[in-house]
Each structure stands twice: as structure tokens, then as C-alpha cells.
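K.L.:
In this note's numbering, the protein residues as written are 23 to 393.
These aren't lab readings, by the way, just hints derived from the structure by calculation.
Even for Gly, the Cβ is constructed at its ideal location relative to N, Cα and C.
Worth double-checking, as some hints may not be accurate.
[Claimed, not checked] Here are the simulated SDA-like pairs of lysine to any residue, each with C-alpha atoms no more than 25 Å apart in a straight line:
id, residue 1, residue 2
1, 96, 148
2, 149, 93
3, 66, 99
4, 54, 137
5, 296, 374
6, 319, 211
7, 319, 381
8, 54, 65
9, 355, 327
10, 54, 37
11, 149, 52
12, 66, 98
13, 54, 146
14, 355, 208
15, 57, 38
16, 66, 106
17, 157, 147
18, 96, 116
19, 54, 40
20, 96, 69
21, 95, 117
22, 149, 48
23, 296, 368
24, 328, 300
25, 131, 48
26, 57, 116
27, 131, 110
28, 355, 239
29, 296, 204
30, 96, 36
31, 54, 106
32, 296, 246
33, 291, 247
34, 328, 292
35, 296, 212
36, 57, 96
37, 355, 302
[Stated by the list, open to error] Taking CB as the label site, the calculated pair distances span:
id, residue 1, residue 2, range
38, 193, 324, 46 to 52 Å
39, 327, 27, 38 to 44 Å
40, 42, 114, 26 to 32 Å
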Amino acid sequence: MSTPFIPNILLVDDEEENIWVIENFLKDIPCKIFKAYDGRQALKLAPVIDPDLILLDINMPEINGIEVCRTLKKDPKFEITPIIFVTAWGDLNTHVEAIEAGGYSFVTKPVAREQLIAYVSQALHVKQTGDHATKTLESTRSAVGMLVHDLRNLIQVNHGYLQLVLGTRALSEEASEFVHVAKQSAMEMQILVNAILDIEKKESVGLQVTASLVSLTELVQQRVTYASVIGQGKQLDVFLPGKEERAEVSTDEVILSRVLDNLLLNALKFAPTKSLIEVRLEAAAPGWRLSVSNDGKPIAPEYHQKVFEKFSQIELKQKAGLRGVGLGLAFCKMAMDSLGGRISLASPRPGHKTGTVFHLDIPLHSDLETK
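Based on the provided sequences and hints, a complete structural model is requested.
P.N.:
Written out as C-alpha cells, the structure is:
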């Protein structure tokens with residue numbers, strides 16, 4: 023049997039008599055009542071008791087009810103917690119301000135018992151439904167995360183065996199080509215799986231970033247070498263600054279490498295056969311700009327921002343014909359935000375009728391924990 027829902031209800035009013043009246047009205051509803059007699063006390067008590075519903079007076083000294091509501095709603099913990107204002111103030115402007123602060127509804131003083139119980143019952147049902155949906159989402163996310171972790175391990179094993187097969191001399195030229203294609207697919211899947219796992223981690227506990235001194239020149243050379251295996255038949259041209267320029271930044275090397283992997287994979291997927299993919303690193307005060315471009319079909323202006331949105335992928339595939347955009351670019355946007363940088367695109371390429379160029383603006387010093 024499931025545990026019955028016994029909600030925590032926080033009553034906030036600077037007049038003790040008002041709290042007594044409301045508490046008496048709620049005596050037939052199974053719940054735990056907590057009381058606060060001013061806004062400051064309410065803000066201290068709410069995080070401790072984690073209320074399922076707050077009944078909040080507006081006109082209180084020092085911190086009024088609207089400010090209490092606004093402060094609580096800034097905390098993700100109270101994002102779906104309904105707050106019902108219990109107030110004698112009936113003017114429209116006050117009601118609008120309270121709703122904009124995050125209020126759920128109003129009960130006007132003097133309080134009518136039937137009206138209060140109806141609003142409270144409805145608000146508690148909404149909260150219970152929201153909690154159930156959140157738990158279901160967390161459970162699903164955890165299960166998907168474990169499955170993707172297992173998938174990554176299988177891909178790594180597959181990639182290792184393909185590498186061993188390629189090292190033998192018993193393969194015909196045709197068979198060797200097939201194994202190369204399989205290896206390319208495994209590398210693509212590895213990049214995409216890493217992006218999925220990073221997005222899931224960011225949404226659950228936050229993306230963990232640690233800064234170290236990174237040579238952008240070396241990083242670009244390493245990732246281009248890796249991508250060249252995937253993009254056989256397509257030319258990768260790299261333009262790097264001279265040795266006299268120290269292309270070094272303080273950032274998270276692993277995360278930045280994954281961003282570049284995704285951009286290179288994206289450029290290769292949408293580039294015509296035997297076309298050119300260009301990678302360019304150049305100084306752009308106060309940091310460096312890393313650009314990846316191809317000669318593929320340009321992206322329509324109305325989709326220049328949507329390609330970075332996690333939940334726009336279906337629309338992009340149906341309307342823009344971008345089949346295969348996936349979560350890679352959404353990860354790039356999330357990662358660059360975490361690194362204190364910026365990602366943008368221009369399409370078509372400046373001075374051309376086709377192609378797309380993605381720019382990574384990388385600061386010299388990211389505000390990250392240093393290792």
C-alpha cells in the first residue's frame with residue numbers, strides 16, 4: 023500500500039488571530055501545520071520544513087508577503103510549491119504583482135471556510151501531481167543514464183576489437199574498408215554518447231569543470247587527427263597561429279575537447295563528399311576564437327538559435343531538413359556557458375552562398391576551480 027499524502031502547510035501572518043482562524047478551518051484536512059508570524063521567520067522556516075503549500079499574508083512589517091514569495095521562488099526547491107495569498111488587499115495592481123512574483127491564487131479576508139478549503143485542496147492536488155511527475159522523471163533519467171553508460175562501455179569494447187582487426191594482414195581490401203566504416207561509426211557514437219551523458223549530468227548535479235593551462239594549438243591538432251578518421255574522403259584544413267603566439271588559456275581541457283569533437287562531427291556529417299572542412303584558430307581579444315566551417319547546405323536564419331536548443335531537434339528535422347543534428351550542439355552551448363565562453367554560428371559562410379561556420383569564443387581565464 024502507498025503511504026498516504028500528509029502535506030506540510032505553512033501559515034504566515036503577523037496577526038495570531040488570523041492564523042488561528044485558518045488553522046481551525048483546516049482541522050478536517052489531514053496535514054501538518056507550521057506557523058510563521060513575519061516574513062523573515064517564514065524565509066527561515068520554509069527550507070527546514072519543505073512545505074507542500076504556503077498560505078501567505080501580504081501586508082506584513084519589514085518583509086511583505088509578495089517579497090517573501092519572490093524570494094522563495096528564486097530557489098528551485100520551491101519552484102512548484104503553491105503559494106496562496108490570504109489578504110484584505112483587493113486592488114488589481116496588488117493581485118498582478120503577487121501573481122508575477124509566483125503566487126498561485128488568492129483568498130480574500132475575511133476568509134470563507136468553503137472557499138479556503140476548495141483552494142487548499144486544489145493546490146495540494148497540483149503539488150502532489152507535480153511531485154509525482156518529478157520523481158518519475160528522476161527515475162527515468164537515472165535508468166536512461168545507466169543504459170547510456172552501458173552503451174558507452176560496449177562501444178569502447180567494439181572500437182578496441184575493430185582496431186585489432188585492422189591490425190591484421192588477413193583482410194581483403196574490401197573487408198578492410200568495411201571495418202574502417204564500422205570504426206568510424208563507433209567513434210561517432212562515442213562522441214554522441216558522451217554528449218548525452220554530459221547533458222544528463224549537467225541537469226542532475228551540474229557539469230563539473232576544472233581549469234588547467236591548455237594549449238589550444240595542441241588541442242586542435244589532436245582533435246582534428248581524431249576527426250580525420252571519421253571524415254575519410256573529406257579534407258580537413260587547419261589554420262593555426264604561429265609559434266610566437268602563445269595560444270594558451272585556462273579552461274577545462276576535457277570539456278573543450280568534447281565541444282570541438284561535436285563541432286567537427288557536425289561539420290563532417292553535413293559536408294558534401296570530397297569537400298573542405300576548415301578549422302581556424304585566431305586571437306580575438308580578450309581570448310581566442312576557434313572556428314569550424316563546411317560547405318554544406320546553409321541553415322535558415324530562423325534556426326540559428328534553435329540548433330542550440332535541446333528540445334528543438336524534432337522541429338529542425340521536420341522543417342529545416344537537419345536530420346542528425348541531435349543533442350551535440352545543445353551540449354556545445356551548455357558546455358561553453360559552463361566554461362564562461364560563447365558559441366555562435368554564421369550561415370551561409372560570410373562571402374559565400376553555402377556552408378556554415380561555428381565560432382567558439384574562448385576566454386583567456388575561465389572562472390573555474392583550478393587543478
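K.L.:
Hint by hint, say whether it matches the structure.
P.N.:
Verification of the hints:
Proximity of residue 96 to residue 148 is assessed by CA-CA distance (about 20 Å); at most 25 Å being required, the pair is judged to hold. A distance of roughly 19 Å separates the Cα atoms of residue 149 and residue 93; the hinted pair therefore holds under the 25 Å criterion. The suggested pairing of residue 66 with residue 99 holds, with an alpha-carbon distance near 14 Å, which does not exceed 25 Å. For the hint linking residue 54 to residue 137, the alpha-carbon distance of about 20 Å falls within 25 Å, and the restraint holds.
This hinted pair checks out: residue 296 and residue 374 have alpha carbons roughly 18 Å apart, not beyond 25 Å. Between residue 319 and residue 211 the CA atoms are separated by roughly 23 Å; this keeps the pair inside 25 Å, and the hint holds. Straight-line distance between C-alpha atoms of residue 319 and residue 381 comes to about 18 Å, which keeps the hinted pair within the 25 Å bound. Our distance criterion of 25 Å between C-alpha atoms is met by residue 54 and residue 65, whose separation comes to about 18 Å.
With a CA separation close to 10 Å, the supplied pair residue 355 and residue 327 stays within the 25 Å bound. In summary, the hint linking residue 54 to residue 37 is supported, as the alpha carbons are separated by about 20 Å, within the 25 Å threshold. At roughly 15 Å between alpha-carbon atoms, residue 149 and residue 52 fall within 25 Å of each other, so this suggested pair holds. Taking the CA atoms of residue 66 and residue 98, the gap is about 16 Å. The hint holds against a cut of 25 Å.
Taken as a hint, the residue 54 and residue 146 pair is honoured in the structure, with Cα atoms around 13 Å apart against an allowance of 25 Å. Between residue 355 and residue 208 the alpha-carbon distance is near 24 Å, which keeps this suggested pair within the 25 Å criterion. For the suggested pair residue 57 and residue 38, the alpha carbons sit about 9 Å apart, so the restraint of at most 25 Å is met. For the proposed pair residue 66 and residue 106, the alpha carbon gap of about 19 Å is at most 25 Å, so the pair holds.
Only pairs whose Cα atoms come within 25 Å are accepted, and residue 157 paired with residue 147 is accepted, the gap being roughly 15 Å. A hinted pair counts as satisfied when its Cα atoms are at most 25 Å apart, and residue 96 with residue 116 qualifies at roughly 20 Å. Of the supplied pair hints, the one linking residue 54 and residue 40 holds, its CA atoms being roughly 17 Å apart against a limit of 25 Å. At most 25 Å may separate the alpha-carbon atoms for a hinted pair to count; residue 96 and residue 69 meet this at roughly 13 Å.
Pair hint residue 95 plus residue 117 holds up; C-alpha atoms about 17 Å apart against a cutoff of 25 Å. As the CA atoms of residue 149 and residue 48 are separated by approximately 17 Å, the hinted pair is consistent with the 25 Å bound. Straight-line distance between C-alpha atoms of residue 296 and residue 368 comes to about 22 Å, which keeps the hinted pair within the 25 Å bound. For the proposed pair residue 328 and residue 300, the alpha carbon gap of about 23 Å is at most 25 Å, so the pair holds.
A threshold of 25 Å between alpha carbons decides the hint, and for residue 131 with residue 48 the separation of about 16 Å falls inside it, so the pair holds. A distance of roughly 24 Å separates the Cα atoms of residue 57 and residue 116; the hinted pair therefore holds under the 25 Å criterion. For a cut-off of 25 Å, the pair hint linking residue 131 to residue 110 stands: about 5 Å separates their Cα positions. For the given pair, residue 355 sits about 22 Å from residue 239 by alpha-carbon distance, which is consistent with the 25 Å threshold.
The hinted pair formed by residue 296 and residue 204 meets the criterion: a straight-line CA distance of about 20 Å does not exceed 25 Å. Between the alpha carbons of residue 96 and residue 36 the distance comes to roughly 23 Å, so the proposed pair stays at or under 25 Å and holds. With a CA separation close to 17 Å, the supplied pair residue 54 and residue 106 stays within the 25 Å bound. For the proposed pair residue 296 and residue 246, the alpha carbon gap of about 17 Å is at most 25 Å, so the pair holds.
Restraint check for residue 291 and residue 247: satisfied, since their Cα atoms lie roughly 16 Å apart, inside the 25 Å limit. Between residue 328 and residue 292 the CA atoms are separated by roughly 17 Å; this keeps the pair inside 25 Å, and the hint holds. Proximity of residue 296 to residue 212 is assessed by CA-CA distance (about 24 Å); at most 25 Å being required, the pair is judged to hold. Between the alpha carbons of residue 57 and residue 96 the distance comes to roughly 22 Å, so the proposed pair stays at or under 25 Å and holds.
Between residue 355 and residue 302 the alpha-carbon distance is near 19 Å, which keeps this suggested pair within the 25 Å criterion. Separation of residue 193 from residue 324 is about 48 Å and conforms to the stated range, judged on CB atoms against 46 to 52 Å. For residue 327 and residue 27, the hinted distance range of 38 to 44 Å is satisfied, since their beta carbons lie about 41 Å from each other. At about 30 Å, the beta-carbon gap between residue 42 and residue 114 stays in the expected band of 26 to 32 Å.
Of the hints listed earlier, there is not a single one the structure fails to meet.
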